[in-house]
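There are 2 protein chains.
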Amino acid sequence: MSVNLVKNAVGRMVPIEINGKSAVPFQGVGAYKPTGRIHAPEISSCANYPEDGNKLVESLKAALIRAGLSDGMTISTHHHFRNGDVIAVEIFKIAQELGVKDLVWFPSAAFPCHEAIIEQLENGTIHHIEGSLNGPLGEFVSQGKMRGTGVLRSHGGRYQAIQDGDVEIDIAVIAAPTADSFGNANGIDGSSACGLLGFALADSEYADKVIVVTDNLVPFPCIPWQIQGNHVDFVVEVDQVGIPERIVSGTTKVTKSPDRLHIAELTAQFCEEAGLIKDGFSFQAGAGGTSLSIGNFFGEIMRRKGIKARFARGGSNKYLVEMLEEGLIEYILDGQTFDLDGIRSMRENPLHVNTSPFTSYNYHGKGNFAGLIDIVILGATEVDVNFNANVVTHSDGKLLHGIGGWQNCLFGKNVILPIPLFRNRIPVVCDEVTTICGPGELIDIIVTERGIAINPRRTDLMETMKGSNLPIKTIQELKEEAERICGIPVKPNFSDEIISAVNWVDGTVIDVVRKVKN
Amino acid sequence: MSVNLVKNAVGRMVPIEINGKSAVPFQGVGAYKPTGRIHAPEISSCANYPEDGNKLVESLKAALIRAGLSDGMTISTHHHFRNGDVIAVEIFKIAQELGVKDLVWFPSAAFPCHEAIIEQLENGTIHHIEGSLNGPLGEFVSQGKMRGTGVLRSHGGRYQAIQDGDVEIDIAVIAAPTADSFGNANGIDGSSACGLLGFALADSEYADKVIVVTDNLVPFPCIPWQIQGNHVDFVVEVDQVGIPERIVSGTTKVTKSPDRLHIAELTAQFCEEAGLIKDGFSFQAGAGGTSLSIGNFFGEIMRRKGIKARFARGGSNKYLVEMLEEGLIEYILDGQTFDLDGIRSMRENPLHVNTSPFTSYNYHGKGNFAGLIDIVILGATEVDVNFNANVVTHSDGKLLHGIGGWQNCLFGKNVILPIPLFRNRIPVVCDEVTTICGPGELIDIIVTERGIAINPRRTDLMETMKGSNLPIKTIQELKEEAERICGIPVKPNFSDEIISAVNWVDGTVIDVVRKVKN
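Those protein sequences? They're chains A and B, same order as listed. Number 294 in the numbering used here belongs to position 294 of the first sequence; there are no gaps in the numbering. Number 12 in the numbering used here belongs to position 12 of the second sequence; there are no gaps in the numbering.
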C-alpha cells in the first residue's frame, strides 16, 4: 500500500485514502463537523414483495443469489453469537462455490470461530475485512497477508459508518434465533437465543438487501421484533443459526487473581470516596474478571448505603442480572448479552432493556447514551503518560483485539481504566502507546495494583481526593514504577506497511496498525 | 388554483402540480414504481448536543425559536390525543405571536379541538394544512377558504410521504405523556397517557428539528422509548400535554341500532360461512359501533368453535382488550388506542404490542403488515357499483373526514365494508362515488342491512357462498334497491376549484375534492 500520510491531531501519521476511498485524519475530540446527509437506501415498494408477506426462500444460497451476490460486494454479519457464529463461514463458502470474488466482509466483530474464512481471504473470494480482527484473523492480517486494508471501528463507529454511507452494505445476513416469514426477528426466543440483535440494526436499516436466517420460524407476528421485517428481503430457515453456549467466553467469571481483586477493590473505593456512588447513579462495567469484581464491590457499597443505581449498561451477565433482580439496579440497558443468564433476563424481565449502537453509541446522532453514564469501567492493553490508551494491539505490535464499544464509552462522565501495571513483565503504563485508540483527554482515572493516577485535567477529582488514603500517584510515577520492575520495554518492530486503520467514533482516522516484521 | 389536469387510472381528473410541487396521477394498484432514494436527514454530531444529554429548554416558544421557526416552514404534530390535543393550537398561537407567516401544518390528523387554528389560517400564519380535514377545518376548507391545497393521505401514505421526501418536515413537535430530558418518550405512562406515539415516528426520524413536549418528565431512561431521544433536539416541560379523556369519541360504543346490529351479525355470519374464521386467523375491526359489534360476534364464534385468533389489529378499545385478556386473541398489534382500556392494556400487557405506520402501513417498504390480515372491516361514506369507495366526503360533497389507515387496510386478504344501504334517505351504494379513496379491485364484500354483495373478482368467495342462505345480491341490485327507497340521489354542486388532493398509498393522486357551491 503506497499512500500519502498526514499527521493527525494526536500526532499519528495516517493515510488520506484507504481501500480506494478518501479518509479524514482525526481532528480532535468533537472537532470534526460532518457535512452532508445520511445514507439513503433506494425507495422500495410493497408491489415488489409477496402480497401475503411470506418472504421464505429455500436456502441461504438461494437467498444470496436472489440478493444478487456478485464480485466486489460488501457483505455484513453480526456477532451476537460471539464465538458461536456459524453463518459467516457458511456465507463465504457459498460465495466461493459460486465463484464470486473480491468481497468485503463487514462483520460487527470477528471471533476465533471465523478462522476458516482465512481460506477465502487467501483464494480471492474475500478482498478484505472491515471489522475487529482479533484471534487468528488478527494474526493473519498482522503478517500483512490480507489484500486490502482493515478498518477497525467501534460499535458506535460502525453504526456511524453505515448511517453516513462511509460503508455501503450490499447484502446484510442476519442470524436470528427467532423470526417469522415476514422477516421480523429477535434474539431472545428459540433454542439458539442470543439475547438481542442490536448489532444488526444498522445493517437492517441501510443495507441494499437484507436476509434473515433463522432456526426457529414462528407464525407472524414474531414478538418482539428487534429487527423489523419491513426492512427484510428474504427469510431462510436453517437447522442451526448459532451456538449460544459459545457466547460465553473465559472472561465472564469474577477474577480470582489477588492482584486483579486488589485493583477491583481500589476502583470501588475510589468511586465511593470520590462520591460517584450515590442514589440514582449509573455505571457500565462490562465483562472481564476485574470488571465483574468491581460490579460486585459496587453492589456491596449500594447495599451498605441503602441506595440503588438508576441503570447499568450491559454487556449483561449473571452478576449484573442478580443485581437487577435484587433491586440494586432499576434498569439494565443492554447492548450485548454475555451469558445465558443475560439472555434469560432480557427475555423475562421488562426492566432488562434492549439497546442498539444507535441509541447507545452513534456519535453522529442527536446525542447518544454514552455521555449519560456516571462511571465507566474499561480495559486497555496499554496506557501512556498522556492517558492515551490502546485496546487493539499488544505491546508486540500484533493486532489481536477489536475496539468494541470501548471508544464510545470514553464519553462517560468518569472513565476509569483498572489495569495491571504490567503483564508478563511488560509495562502496561508506558511512554507512548503502540496504537492510540482513545485520546487521553477522555480518560479520567487509571487504577493499578500499585497506585491510582487521576488525569490532571480532572481538577475536580484531584481536589476531592486530596487527603485520601488511597495510593494516588501521577501517571509518570506509575510508568516509572513499571519500568523499575520490568525495565524499559522494547518497541515492536514494524514495517512501513499499513495493515489496518483505526477509526475514531466520528469516522476519522486516529491511528494505523502496521505489519509486524518477523 | 389554475392547474393542468390529467385523467388518472380510475378516470378522475387530477392536477400534475399541487402547492407548487409536481404530482403523479394514480396509475393503478401496484403500478407506480418509485425511483430514487428515501429522504436523508443531515448528519448530526454529538458534538453539537449537550454532553450530559440534557436537552431541556424552558418553554415551547424557546424551543421553536431555537429550532429556527421561520416563514414557510412545515410543522408537524401527531394525533394520538385525538380530540384532546392541546399542543397544535399552542404552536400556531406562538407562531402568530412571533409574526411567522405561511407555515404548513402537517398533522397526522386534525380534530374539532383544532378549530381555533382557523384564526391562523385566516391571518396568514398558516398557508395550508396537509392532513385530514374533518370537522370545522373540513367545513372551512370545503368553502374554499384555505390558501393552499389540502393533501389527504392515509396513515401509511403520510409515512411514505415523509420517508420519500415528498414532505420535508422542518420542525416536528411531539406531545409525549412521558419523556426524559434526553428526549426518549412514550405514550403509556403519566397522567396524560395516550397509549403510543407511532404516528410521530416518521416525524422523529426524518424531521430536521424535533421537539418533545411532556408533562411527565422522568429521570433517564424513559422506558419504553417509543420515540428515541437520539432523534430529538429539544425537550420542553409543560403543565398538560393532552387530555386523554378526549381520546374517546362517540364511536367507541357497541351499536344499539337494530339495523347496524343486523349488519354486524350478517358480516360475522358471512365470515363464518366463508371459512374465514379459523384457528390462527387475524382481523382488524377498528372503532365505530358496527365494527365493535362485529368484534363481539367474532368472539362468540371463536368461543363456540374453541379457536383463537393469532392477532387482531387495533385501534384498540375495551372490547378488543377483553378478548385479549380472555385469550381469544394472542396479540393485539396496535397503532392507536381508542380508549383508556386500550392504554392500560398496552402499558400492562406485553401481548398488546406497539406498532407504527412504518410496520403496518408504509407502502414504500419491503412489505408491510396490512397484507397479512385475513379479515378487514372498514367503513365508507359511499360505495359505487364498481366497488370503489369514498371515506372523505359526504354525498353533499363536503370534506368532513380523514382517510386514517383506511386505504392501507384495503390490502388485507378479505376487505369487508359493512355499511347501511342509505343514510338520512341518501343512498350509500351509488352509481359513482363523489370521491374515490379506494379502487374497487381491493374491496371484496359489501354488507348492508338489505343484502351482501361480493366483488365478482372474488370468484373464490362467489363459489364458496353459492347456496348460502345469506342475502347475497349483486352490487347493482343493492344500488337499485337504495334508489327505489330513496330516489336517485342529487349530485353535489361543485365549482372547479380544487380544495384538496386525495393521495393513494404510493403518493400518487387518486382523486381531488372541489369547492362546494353554496
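No lab work stands behind these hints: they were computed from the structure. Each hint should be verified, as a subset may be incorrect.
Claimed, not checked - Computed far set for chain A versus chain B, every beta-carbon distance over 12 Å:
| hint | residue |
| --- | --- |
| 1 | Pro41 |
| 2 | Ala47 |
| 3 | Asp233 |
| 4 | Glu300 |
| 5 | Glu322 |
| 6 | Thr359 |
| 7 | Leu372 |
Claimed, not checked - Derived DSS-like pairs (lysine-lysine); straight-line CA-CA distance at most 30 Å:
| hint | chain 1 | residue 1 | chain 2 | residue 2 |
| --- | --- | --- | --- | --- |
| 8 | B | Lys33 | B | Lys61 |
| 9 | A | Lys21 | A | Lys33 |
| 10 | B | Lys308 | A | Lys61 |
| 11 | B | Lys491 | B | Lys473 |
| 12 | A | Lys256 | A | Lys398 |
| 13 | A | Lys33 | B | Lys7 |
As the list claims (entries may be wrong) - Examples of chain B residues lying across from chain A (beta carbon under 10 Å, computed):
| hint | residue |
| --- | --- |
| 14 | Lys55 |
| 15 | His231 |
| 16 | Pro456 |
All values reported here derive from a predicted model rather than from experimental measurement. Positions of the beta carbon are idealized from the N, C-alpha and C atoms, including for glycine.
Q.
If I take the minimum Cβ distance from Leu372(A) to any residue of chain B, is it greater than 12 Å?
A. Non-interface label on Leu372(A) violated, nearest chain B Cβ at 4 Å vs cutoff 12 Å.
Q: Mind checking the CB of His231(B) against every CB in chain A and telling me if the closest is under 10 Å?
A: holds, 6 Å
(Q) Lys491(B) and Lys473(B) were given as a pair; does the straight-line alpha-carbon distance stay at or below 30 Å? (A) At roughly 25 Å apart (the allowed maximum being 30 Å), Lys473(B) and Lys491(B) satisfy the hint.
Q) Taking only the CA atoms, is the gap from Lys256(A) to Lys398(A) under or equal to 30 Å? A) holds, 28 Å
Q | Whether Glu300(A) stays farther than 12 Å from all C-beta atoms of chain B, as the label says | A | Answer for Glu300(A): holds, closest chain B Cβ roughly 24 Å.
Q. Can the restraint linking Lys308(B) and Lys61(A) be considered satisfied, given a maximum Cα separation of 30 Å?
A. This hinted pair is violated, its Cα atoms lying about 37 Å apart.
Q | Non-interface claim for Asp233(A) versus chain B (Cβ beyond 12 Å) | A | violated, 6 Å
**Q.** Nearest-CB test (12 Å) between chain B and Glu322(A)
**A.** Since the minimum Cβ distance to chain B is about 20 Å, Glu322(A) lies beyond 12 Å and the statement holds.
Q. Does the CB of Lys55(B) sit less than 10 Å away from some CB of chain A?
A. Holds. Min distance 7 Å.
Q | Pro41(A) and chain B, when compared Cβ to Cβ, separated by more than 12 Å | A | For Pro41(A), whose nearest Cβ neighbour in chain B is about 6 Å away, the distance does not exceed 12 Å, so it is violated.
**Q.** Straight-line alpha-carbon gap Lys21(A) to Lys33(A), limit 30 Å
**A.** holds, 19 Å
Q. Lys33(A) and Lys7(B): Cα distance at most 30 Å?
A. violated, 49 Å
The earlier numbered hints that this structure contradicts are 1, 2, 3, 6, 7, 8, 10, 13, 16.
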